[in-house]
Amino acid sequence: MKSAKISLRGMVYASMFAALTAVGAYITIPLQLVPITLQTLFTNLAGALLGGYLGALSQLVYVLLGIMGLPVFAGGKAGLGVLLGPTGGYLVGFIAGTYFMGKMIERREQAGFGWIVLALGVGHVVIYGLGALQLSVVAHLSAAKALAVGVLPFLPGDILKILVAAFLTLKLRELIKL
Amino acid sequence: MFTGVTIGQYVPVESVIHNLDPRTKLLLTLIAMVAVLAAGSGWGLVLVTGCIAILVFLTRVPWLLYFRGMKPLFILVALNFLIQLFMVPGEPLLQWRLVTITRQGLTLALVMTARLVLLFIIAQLLTFTTSPVSLIDGIERLLSPLRRLGVPAHELAMVMSIALRFIPVFYEESEKIVKAQVSRGADFESGNLITRARNLSSVLVPLFIKALRRADDLALAMEVRCYAGGGGRTRLRELRMREADYLFLAGALLAAVGVRLAGMHL
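Chains as they are written, first to last, in this note's numbering: chain A, 1025 to 1202; chain H, 163 to 428.
If we strip away everything but chain A, and leave its shape as in the complex, we get (with noise of 0.2 Å):
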């Protein structure tokens, strides 16, 4: 991994996407059970625009403003607590996640729509993976009841985001030079 040298517009995309992250956790669809907000869409946007190494760095750099006391968390909530906290797991995921997303993307020239999806599904595995296993531990549930809690109620809201940001990769890439 070649870690010591980003270039500038490297730099300043990833805090790009740290910053709309955090600005997507207020911009909510309402729906009936979970609202939906913005911000796994920008997560998404970030591992499959950025590239894995630097698309993990904007979700790092986002949680740890969050840690610092910045309410960018899910609510406005921000601090070590949350992290601790249920649903800390998600945050983690946000950075693993997004590095998976990005590593498989990278590994195809021009990714095609399909190639995408696939990617962010993968990234998505993992995000729920550590989210619901953090839920699970945190909250004393069995691994069944933390999916039906942790995971399911998501489901439709992501598969639509995963969509929305593959379709949007299409059309974004060119607009970003690395």
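Treat the hints as calculated values from the structure; they're not laboratory data.
For glycine and all other residues, C-beta sits at the position ideal for the given N, C-alpha and C.
Please note that the accuracy of each hint is not assured.
Just the calculated beta-carbon pair ranges, DEER-fashion [what the hints assert, rightly or not]:
no.	chain 1	residue 1	chain 2	residue 2	range
1	H	356	A	1133	26 to 34 Å
2	A	1031	H	327	18 to 26 Å
3	A	1176	H	356	18 to 26 Å
4	H	394	A	1168	53 to 61 Å
5	A	1169	H	178	46 to 54 Å
Chain A is fixed; fit chain H onto it per the hints.
Quick look at chain H alone, frame taken from chain A:
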């Protein structure tokens, strides 16, 4: 909602702790967390609680604030307490129908709860007394020895600073775009999932394009000013370790050793 975003949880009052170098405060946080975990369950825990209480007092931040931020953790703490209280076998202390509370259970429940609350208060101590900007400075300086190992300390700090600057700008931008689209008849509150998603993209795409333009402008501006990474850059605010910093660090180390000894032998 976002007016205070760039200060976050920071409580701007004058205190000894506020005036410490951010590096000192980061190290203090680390030492304190290790001390809590190493304190054992007897006098060590009492001692470490006392030390943290002194720090909390020195910050001159209203102490109710420390507990207000604990809400997301409350269920976790309560659940942990109850589980330890009822599930640990041992010498029965109280028996009522099917419920038995054991001495071991009670001790363990109290110790675990105390540890969680203390760790949380330590984290709050740092964010209450240090502004995000100086925290980022501190993180960069503390990580910079790791540069040789490939940790991009300067880059990480720079990305954090820029993101910090971008958040309120993008938030304002997104608010403007939502209002502009609503005034043109956009409807975000009705329709099925697909229509809503389509309507939302009328916010998403302009927001993204605007953000991208800002980012490009910034990158260009930095290039024009010959930005070339961390090496050889000078700063507006130099971090300086003062006597108080060394005093606090030495005190914290001594206290941590004391806590460990008390935890082992008392």
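Verification of the supplied hints:
no. : hint                       : verdict
1   : 356/H - 1133/A: 26 to 34 Å : holds (32 Å)
2   : 1031/A - 327/H: 18 to 26 Å : holds (19 Å)
3   : 1176/A - 356/H: 18 to 26 Å : holds (20 Å)
4   : 394/H - 1168/A: 53 to 61 Å : holds (57 Å)
5   : 1169/A - 178/H: 46 to 54 Å : holds (48 Å)
The structure fails none of the hints (numbered hints given earlier).
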